[in-house]
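> Below, each chain spelled out in residue letters.
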Amino acid sequence: MTNARILVVDDEPQIRRVMRTTLVARGYVVSDARSGEDALEKLREERFDLVLLDMNMPGIGGLETCRIIRSQSDIPIVILSIRNAEKDKIEALDAGADDYVTKPFSMPELLARIRAALRRAPLASPGAPEVLDLGRTVINFAARRVTVDGTEVRLTPKEFDLLRYLASNPEVAIPHAKLLQAVWGPDYGEEVEYLRVFINQLRKKIEPEPSRPQHLLTEPWVGYRFHLPGKD
Amino acid sequence: MTKALLARVFKSLRLLGALGLVGGITFLYFRVVSVNHVTVALTFLLAVLVVATRWGLLEALAASVAGMLCFNYFFLPPIGTLTIADPQNWAALFAFVVTALIASELSASAQKQAFESTRRQRELERLYTLSRNLLLLDSRGPLAQQIANQVAQVFELPGVAFFDRLSDRIHRAGPHDIPVEDSKLRDAALQGTVFHDAAARTTVMPINLGGPPIGSLGIQGTSISEAALQSIASLTAITLERAHVQDVATRAEAARQSEELKSTLLDALAHEFKTPLTPIKAAVTSMLSDGCSSPTHQELLHIVNEETDRLNTMLTEAIQMSRIEAGQVQLHRSPRSLSSLVRAQLERLAESLEGRKVAVEVPEDLPRVNVDPEFIGIVIWQLLNNAVRYTPPGSPLALCARTEGSEVVVSLADHGAGISEPEQQQIFEKFYRGKAHRDRIPGTGVGLTIAQEIVRAHHGRIWVESQPGKGAKFSFSVPCAPRESSA
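Going down the list, the sequences are from chains A and B. Just so we're aligned: the first sequence equals residues 27 to 258 in the numbering used here. Just so we're aligned: the second sequence equals residues 359 to 845 in the numbering used here.
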């Protein structure tokens, strides 16, 4: 997907410079912001397809910026951070990020992550139902919409793709690596913590009782399984 | 000396007074009023009683003898002689002497008791003052010296010496220098024995609170009772102990803060250095992936890229070491599959492995390990990275895992030059670098130390088996996860 519009948010001018040069050379349209506040303003004014967000910035900081963006939009967010502890990754994913890249990164790796974040899983595979009615929760695959008790819930693209992949393969225990590769892309497979965070967020959004999930079930040590009611 | 002289003068005066009293009674009854000799005897008895109770035994005895002589000479027939015609005179003398003895004894003991109780009261008051003053000591100043000063001041002692065992210093106080050698104070504290020196009127006693003595106290002057001395020792011990506990707590806090500061600084510094590395790495990898430059430029770009990675690894190690040193390693343990941990690290190192064959032998049914994946990942990475760097390019590596009791042992065997017996321990020490490589292969010498600290934090072990020329086998153990838990 070329011509995608990317917003680079980093307080370091040299990083903004190198990102702009490289991304523009790859055909992306690049804009940059030097702070979280600046980024939020740019996002209000223009439409972007992806945000590259530095975690450690003065002002409101990357994490809070991520939360605010996510509360207003489902735009893919890739976090860039010097910290590489699992705790930091989970914090970022919890705040609504789609991916987390540790600085310093190699450009081909970042480009792959950007492509993965921009990538939408192809629309409903032939033969799959367009609408899945789970009782209180209704998933409309064609319109990328989910309603719970008639109210629409907003899912990020990655959340939706994950839900769709699981729901398209009901009653099958899908291993972590397979899920990651299906939803994020072929370069993924070890980021089990991504699944933990995303499944938790999905449960909060679509399960009537998130602490006692009925559809999104954990398969211990293997992966996850989507359960259809009425098939017991 | 003047005090003793004064006492002697008083004593003589009192003797004269006793004799004068007897003389006065004699004069009164012989010259002024005429009464019968029973009344005279009773008056003499009264006088002896008064002298005995007021002044003491010697004066009373003098009055008794003088009274008996006067009674005999002036009042008993034959008057004017010292002859005792009647045995009742002997009875009178006996009565005087016995009265003198009993009364003076009674009075002396009463006086002694009164004196004793006054002294005890005074001592108690002083102990109370001392305890209050010790509580209010200025904790910023030298405490031991203040304690010595207080003891000397409150008990008005001519000399006090105080030995604080912890600082191994002796503090002296009081108007006079107490004649006690330093060695005696030290002995008292070390052996826990009490020394009395009657001639110099000094006492040296150990001070302790149940445990071994924490110092000793030397006191000059005999006016303090044994019980009070014990109380002073206890009060001193409590004060000192309290101060030591506070001191230890303060120092521990200061050390913790300094460690924290050091680690925060190192952490911040390493992060600061990583910031400029990020655009360098991004730029160079971008140029490399374009692939449009000449082979020479490609080679030079590769060098920049590799050195950027090296700098990054060094900074990462510095951050890890600073955290481990500051005791900040907080493990977030959960049951993990070892094979996926190994796979992740092999992927990370794929580039530097340069197609080297790594035989991974992790049994399917290997139990999960209860570890922090991030930190155990570092350990696996360190071992693999060391093997890659210190063994000939292309030589095979073998990584295997097996269960041993409630632990899983992971081993990495290489076909390198091996490690000599003495170096097998040293390589785990901080900054130690193998003799054969230290000049040829760059490194910081903290990699294995970090791995060791991480494994230890997991209650595991890390070791190496090697024979020079036959390669080395590095192993570490980590605990298995409890069976019932799930991911």
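Because the hints were derived from the structure by calculation, they are not lab data. A hint or two may mislead.
To be verified - Simulated pairs of lysine-lysine, BS3-like, Cα-Cα distance not exceeding 25 Å:
# : chain 1 : residue 1 : chain 2 : residue 2
1 : B       : LYS632    : A       : LYS113
2 : A       : LYS113    : B       : LYS620
3 : B       : LYS831    : B       : LYS793
As the list claims (entries may be wrong) - Listed next, with one range per pair, are the computed distances between beta-carbon atoms:
#  : chain 1 : residue 1 : chain 2 : residue 2 : range
4  : B       : ARG668    : A       : ASP213    : 23 to 29 Å
5  : B       : GLY803    : A       : GLY211    : 37 to 43 Å
6  : B       : THR622    : A       : ARG93     : 39 to 45 Å
7  : B       : GLY752    : A       : PRO39     : 39 to 45 Å
8  : B       : ARG747    : A       : ASP213    : 22 to 28 Å
9  : A       : ARG93     : B       : ARG798    : 33 to 39 Å
10 : A       : PRO246    : B       : GLY568    : 50 to 56 Å
11 : A       : LYS68     : B       : ALA607    : 26 to 32 Å
12 : B       : PHE789    : A       : GLU72     : 15 to 21 Å
Claimed, not checked - Okay, the calculated bits of chain B under chain A, using three or more residues with CB under 8 Å as the criterion:
#  : segment
13 : 553-565
14 : 631-638
15 : 726-733
All C-beta atoms in this analysis are idealised placements derived from N, C-alpha and C, irrespective of residue type, glycine included.
> Please write out, lowest number first, the hints stated earlier that are contradicted by the structure.
6, 9, 11, 12 and 13
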